[in-house]
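First residue of the sequence shown: 8, per the numbering used here; consecutive thereafter.
Among these hints, one or two may not hold up.
[Unchecked claim] No more than 30 angstroms apart at the CA atoms, straight line, and that leaves these computed lysine-lysine pairs for DSS-like: (1) 95 with 165; (2) 138 with 113; (3) 150 with 81; (4) 149 with 114; (5) 114 with 150; (6) 81 with 103; (7) 148 with 138.
Rather than coming from a laboratory, the hints here were simulated on the basis of the structure.
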Amino acid sequence: MHKKDYYENLIYQTDRVRGEGIQSINDYFLLAERKTLNFAHYYIMLIEYIEGVGLNEYLEISEDLKDQLSESIKELHQHGMVSGDPHKGNFIVSEKGLRLIDLSGKKTTAVLKAKDRIDLERHYNIKNELKDFGYTYLIFKKKIKKVIRDVKVKLGLKSK
Numbered sequence: 008m009h010k011k012d013y014y015e016n017l018i019y020q021t022d023r024v025r026g027e028g029i030q031s032i033n034d035y036f037l038l039a040e041r042k043t044l045n046f047a048h049y050y051i052m053l054i055e056y057i058e059g060v061g062l063n064e065y066l067e068i069s070e071d072l073k074d075q076l077s078e079s080i081k082e083l084h085q086h087g088m089v090s091g092d093p094h095k096g097n098f099i100v101s102e103k104g105l106r107l108i109d110l111s112g113k114k115t116t117a118v119l120k121a122k123d124r125i126d127l128e129r130h131y132n133i134k135n136e137l138k139d140f141g142y143t144y145l146i147f148k149k150k151i152k153k154v155i156r157d158v159k160v161k162l163g164l165k166s167k
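Given the sequences, and given the hints that come with them, work out the whole structure.
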């Protein structure tokens with residue numbers, strides 16, 4: 008398999024996952040691209056319009072909706088794709104249920120899956136139940152950054 012551009016990969020992944028029966032994600036279509044020496048300068052994409060209410064318009068998110076959020080991300084991960092940024096602006100509540108928009112075209116890794124789960128916890132208080140390698144790595148990285156920051160503050164190299 009050759010390396011694809013980010014947007015080309017996003018379209019490929021979306022098509023594959025939708026073909027596997029996951030209809031909660033919005034669809035993308037590549038209309039045109041301009042490349043020079045295999046480097047993409049421009050992409051023109053058509054993105055499916057989803058009728059509904061953005062989750063960012065909800066003052067309070069019900070437990071039922073939180074369950075749908077958690078399940079939609081789990082399902083996405085099971086099919087080898089990540090959200091990349093599961094904040095309130097990237098979900099729409101439609102007549103057909105919860106829909107995900109603005110997905111990531113990055114290659115799916117344990118770390119990116121863990122980041123999605125950590126973001127669900129941060130944005131929606133949905134507890135992360137899976138403490139896998141990706142999760143452990145991100146927590147360790149966060150702790151190391153804090154230690155480095157604290158040392159810099161003690162040495163006077165950085166203010167609090």
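Going through the hints against the structure:
no., hint, result
1, 95 with 165, "violated, 33 angstroms"
2, 138 with 113, "holds, 22 angstroms"
3, 150 with 81, "holds, 26 angstroms"
4, 149 with 114, "holds, 22 angstroms"
5, 114 with 150, "holds, 25 angstroms"
6, 81 with 103, "holds, 18 angstroms"
7, 148 with 138, "holds, 15 angstroms"
Of the hints listed earlier, the one the structure fails to meet is number 1.
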